[in-house]
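S.K.: Starting from the given sequences, assemble the full structure and let the hints guide the process.
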Amino acid sequence: MNSNTRANSYCDGLSRRNFIQLGAAPFLGLGLADVLRLKAAAAQPSARAKKDGNLILLWQSGGASQLETWDLKPDAPAEIRGTLNPIDTNVPGIQICEKLPKSARQMDKYAILRSVTHPDAGHLRACHLMLTGYLPSKGVPVGSPYNETPSIGSVIARETGSGRGIPPYVVLPKTVPQGHGAYLGASCNPYFIEGDPAQPTFGVRDLKLPRGIDPGRLEDRRSLLAQLDGLRREVDARVPAVDAYYEQAYRMITSSAVQKAFDIAQEPAAARDAFGRTASGQSTLLARRLVESGVRCVTVALGSWDTHAKHFEAMETKLPEMDQAFAALVSDLHDRGLLDTTLVVMMGEFGRTPKINKDAGRDHWPNVWSLVMAGAGIRGGQVIGASDARSETPTERPVTAEDVLATIYDRMGIDFEKEYHNGQNRPIKIVKGGSPVTELWGGKPAAAG
Amino acid sequence: MSLTPLLAALLLSPPVSATASKPGRVLAGSKSLARVVRLETYPARVTLDRPGASQSLLVTGVTADGRAIDLSDRVRVRSSAPRIATVQGGSIHASANGFATVRVELPGAKLTAVVPVEVRRAQEPIRYSFSQDILPLLTKAGCSSGGCHGKSTGQNGFRLSLLGFDPEADYVALVRQPVGRRVCLTEPENSLFLRKASGGSPHGGGKRFDRASAAYRTLLAWVEAGAPMGPSDAPTVSQIEIFPPDRELTRRSGQRFVVTARYTDGSTRDVTADADYLSNEESVAEVDPTGRARTLDLTGEAAVMARYLGRVAVSRLLVPASGPAPASALRPEDGPIDRRVFSRLDRLRIGASDPCSDEEFLRRATLDVIGCLPTVTETRDFIRQCRAESAEGVPALRTRRALVERLLARPEYADFWAVRWADVLRVNRSTLGTDQNAQSYHRWIRESFAANKPFDQFLREIVTAAGPGWTNGAVNFYRVAFESPTAAAEVTTALSQTFLGTRIECAQCHHHPYEKWSQDDFYGLAAFFGRLKNKRSKEGDIEYFSDAAGDVKHPRTNKPVTPRVLDGPMVSVPRGEDPRSVLASWLTAKDNPFVARALVNRLWAHYMGRGLVEPIDDLRVTNPATNPELLDFLAQEFVEHGFDLKHLTRLILNSRVYALSSRVTPSNKADTQNFSHAYLKRLSAETLLDAICQVTGVPESFAGLPTGTRAMQLWNNRTPSYFLDTFGRPLRVSPCECERSAEPNVAQALHLINSPQIQEKLASDRGKVAEFANSGKTPEELVEEIYLTALSRTPKPDERAVAVAYLKRIPDRRRALEDFLWTLLNTREFLFNH
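Line order of the protein sequences matches chains A and B.
Counting in the numbering used here, the first sequence runs from 1 upward without gaps.
Counting in the numbering used here, the second sequence runs from 450 upward without gaps.
Keep in mind that the hints were calculated from the coordinates and are not lab data.
Every residue gets a Cβ at the ideal spot worked out from N, C-alpha and C, and that includes glycine.
Some hints here could point you the wrong way.
Stated by the list, open to error - Derived, one-sided and incomplete: chain B residues facing chain A with beta-carbon distance under 7 Å: (1) Phe931; (2) His1055; (3) Tyr1056; (4) Val1195; (5) Leu1199; (6) His1200; (7) Ile1202; (8) Asn1203; (9) Ser1204; (10) Pro1205; (11) Gln1208; (12) Glu1248; (13) Ala1250; (14) Val1251; (15) Asp1268; (16) Thr1272.
To be verified - With a Cα cut of at most 20 Å, we get these calculated EDC-like pairs of lysine to aspartate or glutamate: (17) Lys432(A) x Glu673(B); (18) Lys432(A) x Asp737(B); (19) Lys1257(B) x Asp220(A); (20) Lys208(A) x Glu1209(B); (21) Lys429(A) x Glu731(B); (22) Lys1257(B) x Glu219(A); (23) Lys1095(B) x Glu896(B).
M.R.: See below:
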């Protein structure tokens, strides 16, 4: 039945829309941010959740295969198990894919969820679900990658802001669909950095003052603009984002800390080597730099995993890159003492079909798939949930998309049951009907779903 | 759907009750209730002529001033003969043959209505039809939805067609497939599908219905009857109707519906309970699964769609503003566009903004029609002519009309529209293969607009295009899908989205979920391209031609499909002829119901900042225009004037609606769909870059192109430009205009504020700033000149004072002027067409 055989782009046309430039969020005023933080604190998140935590989301766009990463089925028939074998990790009893040797040595620092499940096999809808917690209400999101409920990063931007003059929510090195602020406003959209940080020419544009302009002159211009922008007040009422972006741009230009944070060249060569000199590796390293500098959520697009054809060929390059970046990140955050406050999540919108198709590919499989989480109080070295012998359904502790998001928000110290009002002034919970996977930090398992 | 507890309580309250006067009820207030003078029922009389038949009843109170209030949930309904017909849950149910009357009473109001009921054939055995009786229940329960068994891979081995579009396959899946034993004839209640859906067995999709529900009872009875497929000649649904088709409602009020299916044998059936419902504007009115709509706090209109067995019908609910009506915007001199827009505003009780100034009109029209800023000379001349015609503050209509004519005659008009059409027609070098293809395609589009080619001819040339792409630009429409195994389908998708305003591509794989289109409709259209073949020419180009024969196969039957236009009969095209010319004749016929409407909506959206239908290429019954009368009028006008784009443009630009101010009033500030004021439009990427170049006097250099080439003249949308990409230039990979983005982002702000590129333009020795600095003009003169240059108007006194003071304060004149121009470039007024 499946006629989708294009390997390098989303089969439902998603990649067509990657042209959209994601926006960026402004800094919330400290006062407001404080108020919001107080509100979040009043919501009493579960034990050990770190308030003002950070999130690094390693996004496997298109959906990575559970069978070639975290949930191998060596005893399944060949048309399911594929060609890759499991290996031991540094935690006895837990095995992962042989193409992930570096991650295997860090197994004690992260947890595997092997029973993630949700109902939708379409890219756009599933991305919408995994990145915002909701399916789009009107069928397929028509004509646009914009999401109708806020994405994780946008909620984090809204709830925690940034105290250090840097955008709270950054996406790199490629756009991620459904990553917008929706009714939280364009001010909670991500700041998007395009370009491969592994290239020597990489730099974030327009951050340094151009030749002939010093800070005093910029200030002169800015105050003249404030006096002359007659339409501004009126326009702002309808397109508030424009002004917010200007505010943010000024801050970024004038802060030396911000300038430094974006300058990956300041990392020692050894660190750069450790993450791998690939777009994924260096983007992950930059993500760590940004989190250190006050960015609250960084989404790193780890390339496309939508392997409807020649799946195993693609895994030969994708897995080692991912392995190196992920393992280096977890170990580096740990060494710097940042792992306690930083949650690392690596996932895509779904897994892939157990049965290998006629094009040696795997198709979309939301029924059961795996993701990994580290940091922010999560106990490493454990596996939660299980799938059946053919990786078709969860057999233990199903974890829904809503549960995944509730878990993330809980770790960020955000009350995921808080309501926002959407454009129509209707109250909508951050997450509806999910509960955190408390076993991740040693809590009692929630009642089976 | 989240409902407030109060609302939920209301929706769940028993329909037949006498609780109208309980405090806290927010349905139509007691005041309006007191004004109800008459009760009307729908239907007015009921005939139940099937065993087990029922009819839901809608009761409407009519007030003295003619308003209609849904009282279905507030009346008492009783049957005179429960032995013949009973009343349950607001519906009348057949019990035994005979006659009865149903009496409707509004408690406390002494108003009644009587509904005669006739019951026939109540005792006959029920003859089930799987497609007519069973499938709708599975669809309504969500079994065949795209998230469950209806997705292409099914769910847990059980696969149904999406929303039941393929009854034969669904019957096999449910009844005949040996695995699973979904239907158990020996122990009907043990049928797996019933146990799972009613909560008796673990089910990933949860419990879908209760064992006590009517749906469960029907499904069980069907299994007990042997789970038959039913007669193959059973009548099928030909259309469905929803009542009321439209209604004006107050905020926070409710409305129920009755949905009736009409069958091919002329019979009808009440399917209110089994239809699906969806609101297209949930901020105005939401609808629950039982078909009860509820208005919220917003002024506007919502279309509630009912869907049953692939057929759809729409009810339009209008919610006017509360409070006193603002002054009518209608004027005696109003033209046809103005009358339609302003009457609607009156009906919604929304006020219109004041007219825009002549300067605003000049800037707005010039940007809209040719994508350029007016020059200083043009602005000065225009203002002088306006003042000669009328006093300041009185729109100079003659001068404005003359301006529109001049703009339409400018060569930039063709540049501008070539870019917009190159977007949706996908002039994209990488998909077209070679520079020659893209250039030739772009040139053909540009020349068409330069010559104001009638749109029907433009469309015919595309659809019937043949020959090599390097010399016949139009044929590249087909080149976009070159080498795709599903080229005919891709062309069909592009054609329908671009020219029919219909996203029929849904029907490529399954029945369109919000439309009547089926796979048969999609492939009927695709079949017109069955004979289109291509070959490599001697020069290495690809040449398209119509072969003597060729076909497109239906994916389900794998049989050749006979060409058929939408809603039309099958067309047999003699061997050797090109079916595309038949298609072109249909597309360009004066009575084609799609093409003109899609085009005028697109043009209206461009000039007015919002389509009458949004998204602009998704016109369908279930997504109606906010002003259908206006859409119809524009389409008719366009066709009657020979598909003349410039005529249509003139009509819009010379309307009073187009020339409203963008400044809002308290009454219209929330309006985003009725054109009560001019909506702000951010300048497109190309327009903005060209405007910056014009204002600074420093042209952009594009790689490989002569200096002075404007962004709007680029044929290649991949010509490297950080500016254009950052400000939303589309990739041209889909036929959707939405690819072009006007969303703001911080990268745009950083670029305008802080980029070396903009600073170089300001500081250039050959630019406007240098010229101004050396002109020997006074600060006052310079400020006026630069305002005219950048914002196409003279400064207001306070602006003049601030700017002059700045120029006087900074000793370095050149630097001060750079700063001043930088400032104007960074105003919202510059960034937006307002």
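S.K.: Indicate, hint by hint, whether the structure satisfies it.
M.R.: Structure-based check of all given hints:
1. Taken as an interface hint, Phe931(B) does not check out: its beta carbon lies about 15 Å from the nearest beta carbon of chain A, beyond 7 Å.
2. With a cut of 7 Å, the hint placing His1055(B) at the interface with chain A is violated, because the nearest CB-to-CB distance is about 16 Å.
3. Hint status for Tyr1056(B): violated, given a least beta-carbon distance of 18 Å to chain A, over 7 Å.
4. With a cut of 7 Å, the hint placing Val1195(B) at the interface with chain A holds, because the nearest CB-to-CB distance is about 3 Å.
5. With its C-beta approaching chain A no nearer than about 4 Å, Leu1199(B) sits inside the 7 Å limit, and its interface hint holds.
6. Taking 7 Å as the C-beta contact cut-off toward chain A, the hint placing His1200(B) at the interface holds, the least distance being around 5 Å.
7. A distance limit of 7 Å between C-beta atoms decides the matter here; for Ile1202(B) the minimum to chain A is near 5 Å, and the interface restraint holds.
8. The closest approach between the C-beta of Asn1203(B) and any C-beta of chain A is roughly 5 Å, which is under the 7 Å cut-off, so the hint is satisfied.
9. Annotation: Ser1204(B) was flagged as interfacial toward chain A, and the flag holds, the nearest CB pair being 5 Å apart, inside 7 Å.
10. The interface hint given for Pro1205(B) holds, since its Cβ lies 4 Å from the closest Cβ of chain A, which is under the 7 Å cut-off.
11. Below 7 Å, beta-carbon pairs count as interface contacts, and Gln1208(B) has one with chain A at about 4 Å; its hint therefore holds.
12. Contact between Glu1248(B) and chain A, as hinted, is supported at the beta carbon level, the nearest pair being about 6 Å apart and thus within 7 Å.
13. Look at Ala1250(B): its Cβ only gets to about 10 Å from chain A, farther than 7 Å, so that hint breaks.
14. Using the Cβ-Cβ criterion of 7 Å, the hint placing Val1251(B) at the interface with chain A is satisfied: the shortest such distance is roughly 5 Å.
15. With a least beta-carbon distance of about 5 Å to chain A, the hint placing Asp1268(B) at the interface is held under the 7 Å criterion.
16. Against a cut-off of 7 Å between C-beta atoms, the interface hint on Thr1272(B) holds, since the closest Cβ of chain A lies about 5 Å away.
17. Proximity of Lys432(A) to Glu673(B) is assessed by CA-CA distance (about 40 Å); at most 20 Å being required, the pair is judged violated.
18. The suggested pairing of Lys432(A) with Asp737(B) holds, with an alpha-carbon distance near 19 Å, which does not exceed 20 Å.
19. Of the pairs offered as hints, the one joining Lys1257(B) and Asp220(A) holds, with about 14 Å between alpha carbons and a cut-off of 20 Å not exceeded.
20. As the CA atoms of Lys208(A) and Glu1209(B) are separated by approximately 15 Å, the hinted pair is consistent with the 20 Å bound.
21. Taking the CA atoms of Lys429(A) and Glu731(B), the gap is about 17 Å. The hint holds against a cut of 20 Å.
22. Under the criterion of a C-alpha separation no larger than 20 Å, the hint pairing Lys1257(B) with Glu219(A) is consistent with the structure, at around 17 Å.
23. A hinted pair counts as satisfied when its Cα atoms are at most 20 Å apart, and Lys1095(B) with Glu896(B) qualifies at roughly 14 Å.
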